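Participant: Given chain X, work out where chain Z should sit, using these hints.
Listed below, chain by chain, are the residues.
There are 2 protein chains.
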Amino acid sequence: MSEVAVPGYRYGDEKLPVSPVPLQELDKLKAAVLFGEADEAALRQAWEVLRDQVEAVLDVWYDFVGSHEHLVAYFSTPEGEPIAAYLAAVRPRFGKWIEDTCTRPYDATWLSYQEEIAVRHTPAKKNQTDQVPSVPNVSMRYLVAFIYPITATIRPFLSAGGHSDEQVEAMHQAWFKAVTLQVALWTRPYAPEGW
Amino acid sequence: MSEVAVPGYRYGDEKLPVSPVPLQELDKLKAAVLFGEADEAALRQAWEVLRDQVEAVLDVWYDFVGSHEHLVAYFSTPEGEPIAAYLAAVRPRFGKWIEDTCTRPYDATWLSYQEEIAVRHTPAKKNQTDQVPSVPNVSMRYLVAFIYPITATIRPFLSAGGHSDEQVEAMHQAWFKAVTLQVALWTRPYAPEGW
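Keeping their order, the protein sequence lines are chains X and Z.
Numbering-wise (our numbering), the first sequence opens with residue 2 and increments by one.
Numbering-wise (our numbering), the second sequence opens with residue 2 and increments by one.
It is possible that part of the hints are untrue.
Because identical chains cannot be distinguished in the list, a pair is counted as satisfied if it fits within a single copy or across any two copies.
20 angstroms max Cα-Cα, derived SDA-like pairs, lysine to any residue [as the list claims (entries may be wrong)]:
hint, residue 1, residue 2
1, Lys126, Pro193
2, Lys31, His71
3, Lys127, Thr104
4, Lys127, Pro193
5, Lys127, Gly37
6, Lys31, Ser68
7, Lys97, Trp111
8, Lys29, Glu80
9, Lys29, Tyr63
10, Lys126, Ala74
11, Lys29, Tyr10
12, Lys97, Pro83
13, Lys127, Glu82
14, Lys29, Asp64
15, Lys29, Val66
16, Lys127, Ser77
17, Lys31, Leu112
18, Lys126, Ala90
19, Lys16, Pro134
20, Lys31, Trp62
21, Lys97, Tyr87
The set of hints was computed from the structure by calculation and includes no laboratory data.
Quick caveat: nothing in here was measured; it's all calculated off a predicted structure.
With the rest of the complex left out, here is chain X:
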């Protein structure tokens, strides 16, 4: 996927502002989800397993969202009509997100794009990237709720690489930590004071 330019994908874009979350706070959050070097290594390995399965993972996630009216609503007009072009435009960025989750160092560059992703869920920036007439906000509760399906559904894909049960478990736990960490970051713009 790395070779193709993905519209709206801005990891590493120097024009992005510095994240309001300092690196010291990221370190504290990592400690809270028990994320360490072994998890980084497990995520690198996970990407070797997932890289040829990204479209299949996205199929599962899109099927899940598409099968629930209250979830596809966030990709729909305020009247509830799904916007096919919006769903299609987000998809390659979702693929890059899988890759970034597994392969990027969680540093200041990564934090800047995390904040950009966060704000794109909120009225400050939703719909702008893809210029779509969708609802103005992704309800924060669903960012949190999605920790479950995004974690649970990746497991069979991680198992498909011929690794031992122990290695698959290590990759899966690292993924769970990484997803939880990112959702914690993405909730910031919803409640900057209480965050």
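Facilitator: Below, chain Z alone, put in the same frame as chain X:
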């Protein structure tokens, strides 16, 4: 635990207001975390395994919080001095929370107490229950982050009941869903508009 009155524990208290989260919204959140009747049954079974291990579970969680200055800070004075009486007062409610997570129907009564728990993390109600001079807010990011340790650390306790790997896995997934669902609910008062 059920036989002992726990100060500040208010599940079922008819004086609690009706939750601002309607039951229809709870159903949608349950769907988002794939929570169903099989999970309810698995949680009932989990309680049979956990009921005699509650103090040991709490020991693990308290050790985890206590070993991180930035986590025990929420049980401390603004100057950073841990408040032993506060830590002690919360502990039996934390035990009841394990029991309630496993055994209560997730209905309007449960939602009312979920909202009460939610608000007790925020400046509107933190410290009041136990009349302690602690910091005024639990940063929302740590509610989200805690989904990981609260889920991961329960696994060995669920394995201790002599059930099959498949049964332990079902109990663990149900627990993960239940924790995620509750944290999604607890974030509401931090961002009522965007929630």
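Participant: Work down the list of hints and note, for each, if the structure agrees.
Facilitator: We went through each hint and held it up to the structure:
Taking the shortest alpha-carbon separations for Lys126 and Pro193, both the intra-copy value of 16 angstroms and the inter-copy value of 19 angstroms come in at or below 20 angstroms. Taking the closest pair of Cα atoms, Lys31 and His71 come within 20 angstroms of each other only across two copies (12 angstroms); inside a single copy the shortest separation is 31 angstroms, beyond that limit. Proximity of Lys127 and Thr104 under a CA criterion of 20 angstroms is satisfied in neither setting, with 26 angstroms inside one chain copy and 39 angstroms between copies. For the homomeric pair Lys127 and Pro193, the shortest alpha-carbon distances inside one copy (17 angstroms) and between copies (18 angstroms) are both at most 20 angstroms.
In this assembly of identical chains, Lys127 and Gly37 lie within 20 angstroms of each other by CA distance neither inside one copy nor across copies; the values are 32 angstroms within and 31 angstroms between. In this assembly of identical chains, Lys31 and Ser68 lie within 20 angstroms of each other by CA distance solely across copies; the values are 14 angstroms between and 33 angstroms within a copy. Taking the shortest Cα distances, Lys97 and Trp111 sit within 20 angstroms of each other inside one copy (13 angstroms), while across copies they are farther apart (39 angstroms). For the homomeric pair Lys29 and Glu80, the shortest alpha-carbon distance between copies (19 angstroms) is at most 20 angstroms, but the shortest distance inside one copy (42 angstroms) is not.
In the homo-oligomer, the alpha carbons of Lys29 and Tyr63 lie at most 20 angstroms apart only across protomers (17 angstroms), although the nearest pairing inside one protomer, at 33 angstroms, exceeds that limit. In the homo-oligomer, the alpha carbons of Lys126 and Ala74 lie at most 20 angstroms apart inside one protomer (17 angstroms), although the nearest pairing across protomers, at 34 angstroms, exceeds that limit. When the C-alpha separation of Lys29 and Tyr10 is checked against a cutoff of 20 angstroms, the pair qualifies neither within a copy, at 27 angstroms, nor between copies, at 30 angstroms. Taking the closest pair of Cα atoms, Lys97 and Pro83 never come within 20 angstroms of each other, the shortest separation being 23 angstroms inside a single copy and 43 angstroms across copies.
Within a single copy, Lys127 and Glu82 get their C-alpha atoms as close as 17 angstroms, which meets the 20 angstroms cut-off; across copies the closest is 42 angstroms, which misses it. Proximity of Lys29 and Asp64 under a CA criterion of 20 angstroms is satisfied inter-copy only: 16 angstroms between copies versus 35 angstroms inside one chain copy. Taking the closest pair of Cα atoms, Lys29 and Val66 come within 20 angstroms of each other only across two copies (12 angstroms); inside a single copy the shortest separation is 32 angstroms, beyond that limit. Taking the closest pair of Cα atoms, Lys127 and Ser77 come within 20 angstroms of each other only inside a single copy of the chain (12 angstroms); across copies the shortest separation is 38 angstroms, beyond that limit.
In the homo-oligomer, the alpha carbons of Lys31 and Leu112 lie at most 20 angstroms apart inside one protomer (13 angstroms), although the nearest pairing across protomers, at 30 angstroms, exceeds that limit. In this homomeric assembly, Lys126 and Ala90 come within 20 angstroms of each other (Cα to Cα) only inside a single copy, at 15 angstroms, whereas the closest approach across copies is 43 angstroms. Taking the shortest alpha-carbon separations for Lys16 and Pro134, neither the intra-copy value of 26 angstroms nor the inter-copy value of 44 angstroms comes in at or below 20 angstroms. For a Cα distance limit of 20 angstroms, the shortest separation of Lys31 from Trp62 across copies, 17 angstroms, qualifies, whereas the shortest one inside one copy, 26 angstroms, does not.
Within a single copy, Lys97 and Tyr87 get their C-alpha atoms as close as 16 angstroms, which meets the 20 angstroms cut-off; across copies the closest is 45 angstroms, which misses it.
Violated hints for the displayed structure, listed by number in ascending order: 3, 5, 11, 12, 19.
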